[in-house]
Amino acid sequence: MARGHHDIGGLPGAGKIDQTEHELSDWEILADAVNQALGANGIKRTDEMRRAREEMDSAAYRDMTYYERWIASIESILIEKKILTKEEIDRKLAEFESKWGEP
Amino acid sequence: MGRAVKLPASKFKAGDRVRVKFEDRPGHIRTPWYIRGKTGWIERVHGDFLNPESLAFGGDGLPKRTLYLVAFNQSDVWGKAVGSKDKVLVDIYEHWLSPAV
Amino acid sequence: MSEGHDTDQDHGHQHPKHELSYYAKRIYAIRDLLLEKGVITDKDIQCQVEYQEARSPANGAKLVARAWIDPAFKARLIGDPKPACAEMGIDATSINEFVVLENTEKVRHMVVCTLCSCYPRPILGRPPDWYKSFNYRQRAVNDPRGVMREFGLGLSDDVAVRIHDSTADIRYLVLPLRPKGTEGLSETQLAKLVTRDSMIGVMDALPALPPS
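Protein chains in written order, with my numbering: chain A, 1 to 103; chain B, 1001 to 1101; chain C, 2001 to 2212.
The hints are simulated quantities; they were obtained by calculation from the structure and are not laboratory data. Among the clues, some could well be false.
Calculated cross-link-like contacts (lysine-lysine; reagent style BS3-like; alpha-carbon spacing at most 30 angstroms) [what the hints assert, rightly or not]:
1) C:2192 x A:82
2) C:2025 x A:99
3) A:86 x C:2043
4) A:92 x C:2025
5) C:2180 x B:1085
6) B:1021 x B:1080
7) A:81 x C:2180
8) C:2025 x A:86
9) A:16 x C:2192
10) B:1064 x B:1038
11) A:86 x C:2074
12) A:16 x C:2106
13) B:1085 x A:16
14) A:92 x C:2180
15) C:2037 x A:99
16) B:1013 x C:2180
17) B:1064 x A:82
18) B:1064 x C:2180
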């Protein structure tokens, strides 16, 4: 077993803290709200979401933004609980892309 | 710092010296790596809470575990004179703590 | 590497654009499917958006300003924070356990969640990006004084720093020290000195403005 990629208190090599802040994009606000709504409805527990982020690929954990990690863990838990499947999310995404005219 | 819960069943009380177990096991663990194996003291008995290690895998989190605020001298944790009066305080579940002398 | 950056702007990071918009699109797909299946409703989502919008550091500033001028309220806030919040019209009921950490001349507190980003959201709203950053999560526990210096707070050795790692269900709010020379200020004026960052503990409250 190794120290989890999330378990970073005291690790060396951290630099200056970037104090710039950003306005949340609509998709980030939505990710936040969907996460909270799933919790309020008893669909998932906060610790399940944390565990999903701990189980994520370590490089992805470092590279993804905060809300991207939330979305990845929301998806992972919903699939684990058999509420959604990856295929239907992919299909819905393909529908959006054709509707939105993505290149 | 405010009311502490008096639980007759809790193993430790404020002032007790404790050592954080050094375990390296899989699962969803809320005891940070940097504090494992370190010795400190109980600052506050927070009360009983559902066990996150069980909740993380769809369990019901029962039986509840007593959660403690455990204080450590920074110099003991990081092995150097990091501000002689400074402390690091971590919320740790009872099953991660052993009595220390 | 900073995180939480706005994916619609080019910050010169190495992320290919399609990787960012993949997740942005994905949450919309997930949302639509959840609505279709009745797992959550539009109202559920809207409720959460509104709940979050109603929460901001202004809530915490109100509590602190009241605590500064009313010693009995301060005692209630420290002794049993949730009912004290309710007195001020602040709903802290969704916090499992809430602890208020009082700063003094000789003691400063600072709060981090090294394992993720636990934060007293029902009081202060969403945490700032820097609180959730890897650099803060790594350095807060072994270099709190260095972090405080970056935020403009230099402390002498006779002040003790207590860094709290909120690893469980406890949510912490720092009650910053009342700045000197503020005896004549109203509660509203005092609240303006209480910054979000002073309630996380990386800095003190703002000093009183000099008389003009």
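(Q) Which constraints among the numbered hints does this structure fail? Numbers only, ascending. (A) 1, 7, 11, 14, 16, 18
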